[in-house]
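Participant: Chain by chain, the residues run as shown.
2 protein chains.
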Amino acid sequence: MPTMNPYAITVVGGAGIVGREFLKILDERETPVGRLRLLATKRSAGSTVEFRGSTITIEETSPESFAGDDDVVFLSASGEASRQYAPLARDRGALVIDDSSAFRMDPEVPLVIPEVNADALSWHNGIVSQPNCTTTPMVMALYPIHRENPLRRIVVSTYQAVAGAGGAGVEGLRTETTAALAGRHEPSGTQKREIAFNAVPQVDDFREDASTKEETKMANETRKILDAPDLAVSATCVRIPTFFGHAMAIWAEFERPVDPAEAREAIATMPGVRVVDEPDGERYPTPVDAAGNDDVLVGRIRADSSCPGAIALWAVTDSIRKGAATNVVQIIEEADQRGLVGPGSGR
Amino acid sequence: MPTMNPYAITVVGGAGIVGREFLKILDERETPVGRLRLLATKRSAGSTVEFRGSTITIEETSPESFAGDDDVVFLSASGEASRQYAPLARDRGALVIDDSSAFRMDPEVPLVIPEVNADALSWHNGIVSQPNCTTTPMVMALYPIHRENPLRRIVVSTYQAVAGAGGAGVEGLRTETTAALAGRHEPSGTQKREIAFNAVPQVDDFREDASTKEETKMANETRKILDAPDLAVSATCVRIPTFFGHAMAIWAEFERPVDPAEAREAIATMPGVRVVDEPDGERYPTPVDAAGNDDVLVGRIRADSSCPGAIALWAVTDSIRKGAATNVVQIIEEADQRGLVGPGSGR
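Residue numbers (the working numbering), protein chains in the order written: chain A, 18 to 364; chain B, 18 to 364.
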């Protein structure tokens, strides 16, 4: 990466699984940081985190936390916290990057995957949203075809890891699995149902139309990011007993016929995507492969013999990295390159 | 059930997970059995099984095993074993029910789910095939709509349990999970990849067209059972770390518009299917619910707002019961009712 300005960064949700991964990624990318502050709920306040040789004490978030000395505020807490604190931080001059669903569909707020629609950052109004952790890998996998041959319909089924529900989800799967191996069904309450050795077709709450909010997010966010308001998307979102890697089986129909070999080539040129697709060698990505990596891994790219305009494929990514924290660091880097953050940006 | 004749039954693969479940189901249904013989490979020969107060010693299968004294031979072994022994047993007068893929697409062999196409038994030629354990629940869930409003296209993603790979698959998941909880990746070799806390988008071998045999089975078998040669089916078959319940997310397009409430009612009338679908109460079936039951459980029935002819739904069934052994017992019962088996049937 080109050198970035050392910004004053505050993380709300600094004790959470995404907040911790965010610090790790700053380190991995050697991102310059001017000053780092970690905020969390009262429960986590007072605990400490090591970062580049300093000990940072986590403080409790309050409306007074945003005093105008932040360049960037990364909100990785609840939708409620985002609705309360994002406008405050924005009004005090910070570029707010929000990982909740609170502002994603707000027409004033860009929803950004840097590799896909970095230009949308130019019209930010102080708040930038980042997509749901299932939307990002799907859009990354399909965009390289879509930009040449527009998408018409997506049917997608997800295989989502428990980390999407936070650190408690990870611990819940561990404890439930240990119990289940001993013959005991002991739901931890971290998912909608017992998740050990199970598959739960409900992520987030139900809506009136019998879809879940997660399914609706995948549809609406994809349309917004790709600026494709008429794109048909039918999603089924399912939690399975994996830890970090979100996977999805995607069937996508495009306006014109798609050759799977050409699709594979197009996808392989996409930054942030790695094609792992060798049927002869039985090579394809799995959630275990994706964990700890930044790439979206794509495989099982193949034709639908009954529909020349359609292909099927399989995508996997780490829900906490490219699905969340990595994308935020990339948004900061991109905003920096474009002079959209920090002193002199007008923010 | 009406009283059935007590047939002389032989199970090839009597030591396997499906063979054992078959005996359990005979007991549960109080199916009369004249004489029961269990055959297996040399490795299992000599071990014993209790059945209705008798001890049955498992014998090694050989061409000489079929001496003309069987009414029914249930083959639950490899495709190779089926190809070798099915014609022998058939030629010595038995009704052969085959659980392998060896004869499923043979135009002389009916492929039967009793609730859907029992009439196909009438043209059996001594061998009846039963569908792959993923085909059965999908067809059972869609048939009640299809018979009124023909299917045009299916896009399906499976969440398949390890029991589909036999008893070794179940043990493999246990041992891999125990190792993984201790931080060790120790693939058991029972699936194409490590399956503990993973999702593996390959069931069975790859074909030339980059689909897997399992995916092709779902497409071809569905077309044959429903007598719908032009039906478009795109399947992605994925193994996940569940033990017995096969689940699947189905998107299905029909010739005419489908109202999800009417679809739900139609599915609820289907014998062998139980609708569990109350979004308000967060009720839907999961693999843990399906294990040990004979029903195909269907939920998450909803419209696709972008396509009036399409609905999405979620189906789960026990891969070893309705996916395998239960369906076989039902085929025997149905053949009995129709006078297609045993003395006097011409077999």
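Please keep in mind that the hints were generated in silico from the structure rather than gathered at the bench.
Treat the hints with care, since some could be wrong.
Intra- or inter-copy, both count: the list cannot distinguish identical chains.
[As the list claims (entries may be wrong)] Below 25 Å or equal to it, Euclidean Cα-Cα: the simulated DMTMM-like pairs (lysine to aspartate or glutamate) are:
(1) Lys-230 / Glu-270
(2) Lys-209 / Glu-295
(3) Lys-209 / Glu-299
(4) Lys-230 / Glu-295
(5) Lys-230 / Asp-297
(6) Lys-59 / Asp-108
(7) Lys-209 / Asp-297
(8) Lys-41 / Glu-299
(9) Lys-230 / Glu-45
(10) Lys-209 / Glu-67
(11) Lys-230 / Asp-136
(12) Lys-209 / Glu-270
(13) Lys-41 / Asp-276
(14) Lys-59 / Glu-272
(15) Lys-41 / Glu-125
(16) Lys-230 / Glu-279
(17) Lys-59 / Glu-225
(18) Lys-59 / Glu-188
(19) Lys-230 / Asp-276
(20) Lys-230 / Glu-299
(21) Lys-41 / Glu-282
Participant: Take the hints in turn and mark each one as holding or not.
Facilitator: Results for each hint:
1. For the homomeric pair Lys-230 and Glu-270, the shortest alpha-carbon distances inside one copy (24 Å) and between copies (23 Å) are both at most 25 Å.
2. For the homomeric pair Lys-209 and Glu-295, the shortest alpha-carbon distance between copies (14 Å) is at most 25 Å, but the shortest distance inside one copy (36 Å) is not.
3. Proximity of Lys-209 and Glu-299 under a CA criterion of 25 Å is satisfied inter-copy only: 8 Å between copies versus 34 Å inside one chain copy.
4. Taking the shortest alpha-carbon separations for Lys-230 and Glu-295, only the inter-copy value of 16 Å comes in at or below 25 Å, while the best intra-copy value is 35 Å.
5. For the homomeric pair Lys-230 and Asp-297, the shortest alpha-carbon distance between copies (13 Å) is at most 25 Å, but the shortest distance inside one copy (39 Å) is not.
6. For the homomeric pair Lys-59 and Asp-108, the shortest alpha-carbon distance inside one copy (24 Å) is at most 25 Å, but the shortest distance between copies (78 Å) is not.
7. Taking identical chains as interchangeable, the C-alpha atoms of Lys-209 and Asp-297 lie at most 25 Å apart only when they sit on different chains, with a minimum of 13 Å there against 39 Å within one chain.
8. Taking the shortest alpha-carbon separations for Lys-41 and Glu-299, neither the intra-copy value of 33 Å nor the inter-copy value of 37 Å comes in at or below 25 Å.
9. In the homo-oligomer, the alpha carbons of Lys-230 and Glu-45 never lie at most 25 Å apart, since the shortest distance is 33 Å inside one protomer and 42 Å across protomers.
10. Taking the shortest Cα distances, Lys-209 and Glu-67 never come within 25 Å of each other, neither inside one copy (34 Å) nor across copies (40 Å).
11. Taking identical chains as interchangeable, the C-alpha atoms of Lys-230 and Asp-136 are never at most 25 Å apart, the minima being 27 Å within one chain and 43 Å between chains.
12. Within a single copy, Lys-209 and Glu-270 get their C-alpha atoms no closer than 32 Å, and across copies no closer than 29 Å, so neither meets the 25 Å cut-off.
13. In the homo-oligomer, the alpha carbons of Lys-41 and Asp-276 never lie at most 25 Å apart, since the shortest distance is 40 Å inside one protomer and 49 Å across protomers.
14. In this assembly of identical chains, the alpha carbons of Lys-59 and Glu-272 never lie at most 25 Å apart, being 52 Å within a copy and 57 Å across copies at closest.
15. Taking the shortest Cα distances, Lys-41 and Glu-125 never come within 25 Å of each other, neither inside one copy (31 Å) nor across copies (62 Å).
16. For a Cα distance limit of 25 Å, the shortest separation of Lys-230 from Glu-279 across copies, 24 Å, qualifies, whereas the shortest one inside one copy, 34 Å, does not.
17. In the homo-oligomer, the alpha carbons of Lys-59 and Glu-225 never lie at most 25 Å apart, since the shortest distance is 34 Å inside one protomer and 58 Å across protomers.
18. Only within a single protomer do Lys-59 and Glu-188 lie at most 25 Å apart by alpha-carbon distance; the minimum there is 21 Å, versus 45 Å between protomers.
19. Taking CA atoms no more than 25 Å apart as the test, Lys-230 paired with Asp-276 passes between copies only; the shortest distance there is 21 Å, against 33 Å inside one copy.
20. Only between protomers do Lys-230 and Glu-299 lie at most 25 Å apart by alpha-carbon distance; the minimum there is 13 Å, versus 35 Å within a single protomer.
21. In the homo-oligomer, the alpha carbons of Lys-41 and Glu-282 never lie at most 25 Å apart, since the shortest distance is 32 Å inside one protomer and 52 Å across protomers.
Hint check: violations occur at hints 8, 9, 10, 11, 12, 13, 14, 15, 17 and 21; the rest are consistent with the structure.
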